[in-house]
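Starting from the structure of chain U, add chain P where the hints point.
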Amino acid sequence: MTTSLKIALLLLLSVVLQAAVLSGVDILGGAPDLVLVSVGAVAVYRGAMVGAGAGFGAGLLLDTATLGTLGESSFLLTLVGYWLGRYGETAHRGPRRVPFAVAVATLGYALGALALRFVLGQPAPAYEILIATLLQTMALNVALSWPISALVRRLAPPAPRARSVEGVGSLG
Amino acid sequence: MLLLASLVILSVYFRESSAGVLHRAQSLGTSALRPLLVAAERVAQPFEDGAGWVGDLVEAKSENARLRAQVEELRQQLIQNETIRRDNIWLRQQLRYRDSPSFPTDYRALGARIVARAPGRFERQVVIAAGTGQGVRVHDPVVVASGLLGQVTKVAKSVAQVTLLTDETSAVSALDLQTNASGILRHGQSSASTLVLDRVTKDKVVRPGDVVITAGWRVGRLSSIYPRGIPIGVVTSVGQLDTDVYKQIEVAPFVDFGSLDSVLVLIPKGRRR
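Chains as they are written, first to last, in the working numbering: chain U, 1 to 172; chain P, 1 to 273.
The set of hints was computed from the structure by calculation and includes no laboratory data. Some hints here could point you the wrong way.
[As the list claims (entries may be wrong)] Computed, partial: chain P to chain U, Cβ under 8 Å:
#1 Leu10
#2 Tyr13
#3 Leu36
[Stated by the list, open to error] Pairwise CB distance ranges, derived in the manner of DEER restraints:
#4 Arg113/P to Asp26/U: 18 to 24 Å
#5 Glu48/P to Ala139/U: 20 to 26 Å
#6 Ala25/P to Val104/U: 30 to 36 Å
#7 Asp26/U to Gly239/P: 27 to 33 Å
Ideal Cβ placement from N, Cα and C applies to all residues, glycine included.
Bound conformation, chain U alone (with noise of 0.2 Å):
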């Protein structure tokens, strides 16, 4: 099985798992996001543009699956996507890394969703999102990204990187 297919099955499982379980879970106030934190981690491991990929494929099936609005979901995660998958390049792509930017990433999802909503004129409850979840939500989903992280390490090890250029030298 190709490691694009093994992503894929990846993300439609988070994306099951996610719309028909997990989001009615409440642990103190705040529910783990397996989508986020799958898309993470493979962007983390695979770079930026296979995390954009996986965002895009994983925010439209999410938005399908639950009958949201088409696209929102899509648009914050293939940023998501992109945005950890540079750091995964700029950084050494270790498991140690995914946590705190499955971290970053919940705080900067928070953020958009919350700024998305307010141009699309839907109501964005900054409050409850913001102070009443935040934490919750922070915390469950780097809990839930060491397992989420070896599991895609295992199915997707992560591309090699390029060599860097050690110097350079005039010819001649």
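Quick look at chain P alone, frame taken from chain U:
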């Protein structure tokens, strides 16, 4: 490119009608995902039940004593109510009284399982495993055994989206069963599961402990999408400020929005599929 594609999809989806290309594509996609969602929900159900069982066990003893006392009280009330109900039917017949659709006599209830929930904390919405194929339409009221849950806001062939009462966009015309004070019930600010009965003027009487039900109004051909008489919740606090025109009334819903697994969609009798 992908960001641009997302923005184009978002813009077109917002502008087009519910019969547009993207809405139809989404509807087909949701129907295709439905078996996976149902399977995942069924696999997770025993675990959710187990967690709920442990939680319930802690409160079971004190709740049992309270419910026994309540049964006695309700038994006496039932006898009184039966007499009043018969008088009511007889008087309506004498007056040839014309009423708006009422619950549950003018509706048939369609049971449906919840297969998905909206991610994040923005929307309070669930997706149920029944759609146009089963006779469900947009704005159909949705209830559970304990009371009103919300209404259908989007519908596909085999699934439908239900927006819960606790969503920011929900509002229901409601009245106090004991005093007949009417207002608009909507999402509260203090917590996600609290509701607020707004637009109740200060001259109306509302007391903590009063039961709030749907008002089910009718003006000419227009009528409320919710039939009269569906229980919503109980008043927990009443306050008023000198500077405010309306009372501030908080209502605790009868429905536990955190532990839903199936719902009843109220479909008007006589509607064709």
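Beta-carbon spacing of Arg113/P to Asp26/U - inside the hinted bounds 18 to 24 Å or not: holds (20 Å)
Interface hint for Tyr13/P, Cβ within 8 Å of any Cβ on chain U: holds (4 Å)
27 to 33 Å as the expected CB spacing between Gly239/P and Asp26/U, which holds or is violated: holds (28 Å)
Proposed interface contact between Leu36/P and chain U, which counts if any beta carbon pair is under 8 Å: Since the shortest Cβ distance to chain U is 5 Å, the answer is holds.
Leu10/P as chain U interface residue, shortest Cβ-Cβ below 8 Å: This interface hint holds because 3 Å falls under the 8 Å limit.
Supplied distance hint 20 to 26 Å, evaluated on CB atoms of Glu48/P and Ala139/U: holds (21 Å)
Cβ distance range 30 to 36 Å for Ala25/P and Val104/U, holds or violated: Taking Cβ atoms as reference, Ala25/P and Val104/U lie about 33 Å apart, which means the hint holds.
Every hint from the earlier list agrees with this structure, and none is contradicted.
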